[in-house]
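S.K.: Sequence:
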Amino acid sequence: MLSELSITDFALVEELAASLSPGLNVLTGETGAGKSIIIDAINAILGVRTGTDLVRTGAPRAIVQAAFALDDAPDAAAECREGGHVAEDGLLIISRELQASGKTQCRINGRLATVTMLRDFGRNLVDVHGQHEHQSLLSIGRHLDLLDSWAGSEALALRARVAEQHRALAALERQIEKLDVDERDRARRLDLYQFQIREIDAARLHPGEEEDLEADRHRLANAERLSRHADQAYEHLKGDERVLDALAGCMDDLRALADIDPAATPMLEAAQAAYYQLEDAAAQLRAYRDGVEFNPARLEQVQERLEAIRLLKRKYGDSIAEVLAYREQAAADLEGLAHAEEHQAELRVRREALQREAEALAARLTALRHEASERFSGAVEAELALLAMERTRFRASIAPQALGATGADRVEFLISPNPGEPLKPLARIASGGEMSRIMLALKSVLARVDRVPTLIFDEIDAGIGGRTAGVIAAKLAALARDRQVICVTHLPQIAGRADAHFLVRKEVRGDRTVVQLHPLTEPERVEELARMLGGSEGSSTAREHAREMLAQRAAGEAA
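Residue numbers (my numbering): 186 to 744.
By construction, these hints were calculated from the structure, which means they are not laboratory data.
All C-beta atoms in this analysis are idealised placements derived from N, C-alpha and C, irrespective of residue type, glycine included.
It is possible that some hints are incorrect.
What the hints assert, rightly or not - Below, a list of computed lysine to aspartate or glutamate pairs in the DMTMM-like style, where the Cα atoms sit at most 20 Å apart: (1) Lys691 x Glu644; (2) Lys498 x Glu394; (3) Lys498 x Glu396; (4) Lys363 x Glu644; (5) Lys498 x Glu395.
To be verified - Each pair of labels, with its calculated beta carbon distance range: (6) Ala739 x Pro585: 50 to 56 Å; (7) Asp667 x Glu349: 52 to 58 Å; (8) Ala570 x Ala530: 55 to 61 Å; (9) Asp386 x Glu542: 41 to 47 Å.
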């Protein structure tokens with residue numbers, strides 16, 4: 186439900202904030218008062234394409250923000266969770282900033298979003314009727330879903346089974362396609378896999394080998410330097426400089442010192458420990474020096490091995506582990522190709538059986554849809570007759586198409602508003618008032634299956650009056666019992682049934698014209714209804730009629 190709407194510097198709007206009610210909200214005002222601007226602002230929030238002309242003259246940007254309560258919008262709430270847009274306190278806050286430069290910035294619950302994301306969220310939140318920009322019922326893709334929902338649980342269960350069968354068929358098709366190669370290509374792939382497996386096996390790779398070889402190569406390439414430094418270090422300890430001999434002499438003096446003064450004993454012990462460590466280091470240095478390998482032939486072998494590994498990695502993976510994994514996959518593919526024909530035959534048998542099952546289910550679903558289409562079309566025509574469109578023909582047309590996840594049918598709503606005209610797609614109906622009444626009829630019929638929580642009817646009363654106006658008012662009120670309805674109207678019959686009544690008016694402030702949206706109190710509603718009834722200013726008769734309309738609404742609610 187659309188609970189809050191705020192608009193800043195949008196078209197003729199300077200600053201506007203409104204709290205909308207559940208149930209029926211009506212917007213009234215003189216012709217040209219700016220009611221369409223309010224609808225344009227809502228459309229902007231729903232991701233409809235807008236131009237820079239909607240930014241108020243002289244302003245750098247226009248900002249529209251709306252808060253939606255998600256309690257009655259399970260599809261939008263689920264999409265919100267899936268998209269990571271956490272709705273605090275059950276609210277979804279969408280804002281859109283239109284800059285005079287032509288740029289636009291969108292946010293969903295404070296996080297940056299795209300216009301496409303606004304459209305995706307919007308289709309589960311609001312239907313705007315009377316304009317062609319944002320009408321979910323004009324999307325042919327929804328017609329099949331709506332007819333199936335109307336048809337009931339049996340059709341929905343059958344559709345789910347068809348979808349399951351279709352997924353299984355698609356998986357089988359992918360497997361068959363993978364095996365379905367001509368004999369020559371199959372022979373080439375067999376040869377290729379065999380060659381690749383032999384090449385990798387011949388290398389006798391093992392994990393960690395490359396790291397060991399790199400260490401060997403580094404030592405062999407630096408053998409001369411390693412030997413020289415080891416020899417020099419050894420000479421410092423036991424050569425001409427004889428560090429160990431000097432330390433031994435130091436220890437003799439420390440012993441004599443400790444014999445005289447026991448306090449020198451720790452120094453003697455430290456010197457002894459250092460002597461033994463250095464003697465051990467000297468022995469290790471001698472062994473290391475003598476073990477340094479000067480072996481150009483071995484170095485060449487190591488380099489050749491590393492080059493062989495590099496070539497295999499270039500072909501099969503970035504590491505030895507990946508090369509070995511590729512070998513295992515090649516072996517599996519080779520096995521599959523070797524037995525491809527018999528496996529393919531098995532898959533084809535399974536596919537044919539699944540295809541027959543899916544076609545049988547789809548045929549049952551088609552029969553249910555045809556039966557539901559007759560009832561649905563009749564119900565819509567009955568609703569249209571009540572809305573002064575009694576000569577309008579409506580059909581939920583069902584045409585065959587290739588079997589898919591939704592069955593083997595294409596559904597499109599067709600309509601002929603005037604006798605003698607052929608049925609045409611719903612999306613090609615041009616008249617805004619006519620379209621709004623058609624949408625109202627469809628919404629009335631689909632009320633129990635359509636889950637969009639907010640409906641907006643713009644100028645639904647174009648070209649109607651009298652008894653039909655009362656019927657439309659009653660139907661809007663009935664729709665508003667379990668969802669939010671926002672209606673731009675010139676009909677007092679509709680305005681009198683509203684749960685919340687807003688007056689749209691233009692004011693001149695200084696040298697600027699601004700549009701205001703004013704929620705009416707009960708006395709103010711009487712005055713506005715009197716104006717809509719055509720009473721002259723101060724007409725007591727029109728006021729009395731207005732009070733009677735509001736009293737009838739109150740009595741109806743009490744009943």
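S.K.: All hints, please: hold or fail.
M.R.: Now for the hints, and whether the structure bears them out:
no., hint, in the structure
1, Lys691 x Glu644, "holds, 18 Å"
2, Lys498 x Glu394, "holds, 13 Å"
3, Lys498 x Glu396, "holds, 14 Å"
4, Lys363 x Glu644, "violated, 57 Å"
5, Lys498 x Glu395, "holds, 11 Å"
6, Ala739 x Pro585: 50 to 56 Å, "holds, 53 Å"
7, Asp667 x Glu349: 52 to 58 Å, "violated, 32 Å"
8, Ala570 x Ala530: 55 to 61 Å, "holds, 60 Å"
9, Asp386 x Glu542: 41 to 47 Å, "holds, 45 Å"
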